[in-house]
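**Student:** What follows is each chain in one-letter form.
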Amino acid sequence: MGKFSRDKLASKQAVIEKFQDGQTILLGGFNRVGAPGTLFKYLHESAARDLTLVCNNCSNDPAGIWYPASQVISEGRVRQLKISFTRTNTELISLYESRKLEVELIPQGTLAERIRAAAYGLGGFLTTVGYGTLLAEGKQIIHANGKDYLLELPLHADLALVKATKADLMGNAVCRATTKNFNTIMAPAADFTILEADQIVPVGELTPEEIDIPGIFVDMVIQSEEVLK
Amino acid sequence: MSDVRHFIARNVASLLRNGDVINLGVGIPTLTTQYLPDEVEVLIQAENGVIGCGPEAVGEQIDRDIIDAGAKCITVIPGGWFFDSAVSFGIIRGAHLDATILGALQVDEKGNLANWYVPGKLLPGPGGAMDLVAGARQVIVAMEHVTKYGEPKILSECTLPLTAIGVVTTIVTDAAILKRAELGLELVAIAPGETIESVRAKTGCPLHLPKEGQVGEMLQ
Numbered sequence: 001m002g003k004f005s006r007d008k009l010a011s012k013q014a015v016i017e018k019f020q021d022g023q024t025i026l027l028g029g030f031n032r033v034g035a036p037g038t039l040f041k042y043l044h045e046s047a048a049r050d051l052t053l054v055c056n057n058c059s060n061d062p063a064g065i066w067y068p069a070s071q072v073i074s075e076g077r078v079r080q081l082k083i084s085f086t087r088t089n090t091e092l093i094s095l096y097e098s099r100k101l102e103v104e105l106i107p108q109g110t111l112a113e114r115i116r117a118a119a120y121g122l123g124g125f126l127t128t129v130g131y132g133t134l135l136a137e138g139k140q141i142i143h144a145n146g147k148d149y150l151l152e153l154p155l156h157a158d159l160a161l162v163k164a165t166k167a168d169l170m171g172n173a174v175c176r177a178t179t180k181n182f183n184t185i186m187a188p189a190a191d192f193t194i195l196e197a198d199q200i201v202p203v204g205e206l207t208p209e210e211i212d213i214p215g216i217f218v219d220m221v222i223q224s225e226e227v228l229k
Numbered sequence: 001m002s003d004v005r006h007f008i009a010r011n012v013a014s015l016l017r018n019g020d021v022i023n024l025g026v027g028i029p030t031l032t033t034q035y036l037p038d039e040v041e042v043l044i045q046a047e048n049g050v051i052g053c054g055p056e057a058v059g060e061q062i063d064r065d066i067i068d069a070g071a072k073c074i075t076v077i078p079g080g081w082f083f084d085s086a087v088s089f090g091i092i093r094g095a096h097l098d099a100t101i102l103g104a105l106q107v108d109e110k111g112n113l114a115n116w117y118v119p120g121k122l123l124p125g126p127g128g129a130m131d132l133v134a135g136a137r138q139v140i141v142a143m144e145h146v147t148k149y150g151e152p153k154i155l156s157e158c159t160l161p162l163t164a165i166g167v168v169t170t171i172v173t174d175a176a177i178l179k180r181a182e183l184g185l186e187l188v189a190i191a192p193g194e195t196i197e198s199v200r201a202k203t204g205c206p207l208h209l210p211k212e213g214q215v216g217e218m219l220q
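Taken in order, these protein sequences are the chains called V and B. So for the first sequence, the numbering used here puts the first residue at 1; every next one is plus one. So for the second sequence, the numbering used here puts the first residue at 1; every next one is plus one.
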């Protein structure tokens, strides 16, 4: 089935059925901005376990938008977390030390580029970031043009959960201001992408110039339940 | 303590040039912009996806979709630009930043930097620090010269896990400004009240004097 449809609007039930045991799931957002909070709730409500979650950060502040995602971790349903910034989650250290959670720490730009490599068909990329540090352990070093680089491999996923400000029913979406962050990169990097939007508009209302996420990267669209203002 | 932080920030600001594109870490680095001379205008990048960061947003300026990398609601200057994390770190790795200014736990004479992980403490997460120091043309470390226990933070060799190898170009502390040169670290300026000997006494590696000219005095 192609990725073109004029009506990708999905129900909560249809979304929850997409979560399966053992999946690798990309979670968009940087801190509270651009985080798909409604999809985090649905993920939490699903029964999926043995998951690998990939995100920049994942705060466990009970009042915060990331809380349901952090609960999936604290409930022991996550086998591995691939993450860049850990300080906003105070539970990770004890989960990690009690071996209830594997954690792969990834420099933020390397995280973005590994996801981008998966999205755009690259076999990986060479970078000096992390070279000579603990995070280089186990990574292949490639010497090119007189320099040593780490080979970083693509980070592909089964599902991506992303957030947009506005989306049309074809899945074309606008991410305003600093909400783009990981959302525009993650949308094309998974087999199946679910996009949550603050506002859903008819096809044709978004101009081709303003679209940050093309609809061909999106499989389902849902209306955000988050009321932030 | 707060005076020390502002003293360091003022001296970091004196190193910036008109037209520089910079990234500021949390803490002392964010204080630097208030000490820029009138004739120096810089463009500030935040790695979560914005260039042209203005002052913190207040009152009606607050837009919850506009934050900096420290998650603070900020304003954006006219001419500013939003982008995603792949573009942002392309800007960073691609050496499109003139300087990144950040704190450190330790720096050594080879320019090695340790600022992300103290074993036994919190589970570390490097965030964007490893990317920033690998890519920016100048890496300016802004920190206190010694730890709160009086131990040197500037060493022959870092003992904490490294953030990156050989990247630090300049160190600004409450006691001195040091630049990385061929032989090691060179003493560029010292704080009022310090002497070359007193700075050497609190530094864990040899400090070289400038080949030409004299050791200057830091801005009060």
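Treat each hint with caution, since some may be false.
With beta-carbon atoms standing in for the labels, derived distance ranges [claimed, not checked]:
| hint | chain 1 | residue 1 | chain 2 | residue 2 | range |
| --- | --- | --- | --- | --- | --- |
| 1 | V | GLU137 | B | GLY150 | 43 to 53 Å |
| 2 | V | GLN223 | B | GLY166 | 22 to 32 Å |
| 3 | V | GLU210 | B | ILE77 | 43 to 53 Å |
| 4 | V | ARG87 | B | THR147 | 17 to 27 Å |
| 5 | V | ARG87 | B | LEU183 | 32 to 42 Å |
| 6 | B | HIS6 | V | GLN80 | 24 to 34 Å |
| 7 | V | THR207 | B | ASP63 | 40 to 50 Å |
Simulated coverage check for chain B against chain V, where a stretch passes if three residues somewhere in it have a Cβ under 8 Å from a Cβ of chain V [what the hints assert, rightly or not]:
| hint | segment |
| --- | --- |
| 8 | 81-87 |
| 9 | 101-108 |
| 10 | 126-137 |
| 11 | 156-167 |
| 12 | 191-202 |
Since the hints were made in silico from the structure, they are not lab data. Quick reminder that beta carbons are idealized off the backbone N, C-alpha and C, glycines included.
**Student:** Take the hints in turn and mark each one as holding or not.
**Tutor:** Structure-based check of each hint:
1. V:GLU137 to B:GLY150: 43 to 53 Å: At 33 Å between Cβs, range violated.
2. V:GLN223 to B:GLY166: 22 to 32 Å: 51 Å, violated
3. V:GLU210 to B:ILE77: 43 to 53 Å: Check failed, 22 Å falls outside 43 to 53 Å.
4. V:ARG87 to B:THR147: 17 to 27 Å: Because 20 Å falls inside the window, the suggested range holds.
5. V:ARG87 to B:LEU183: 32 to 42 Å: 37 Å, holds
6. B:HIS6 to V:GLN80: 24 to 34 Å: About 43 Å separates the Cβ atoms of B:HIS6 and V:GLN80, which means 24 to 34 Å is violated.
7. V:THR207 to B:ASP63: 40 to 50 Å: 22 Å, violated
8. 81-87: Per the Cβ count (5), the hint holds.
9. 101-108: violated (count 0)
10. 126-137: holds (count 8)
11. 156-167: As far as the segment 156-167 of chain B goes, the hint holds, because 5 residues have Cβ atoms under 8 Å from chain V.
12. 191-202: Three-residue rule not met by the segment 191-202 of chain B, so violated; n is 0.
Checked against the numbered hints above, the structure violates hints 1, 2, 3, 6, 7, 9, 12; every other hint is satisfied.
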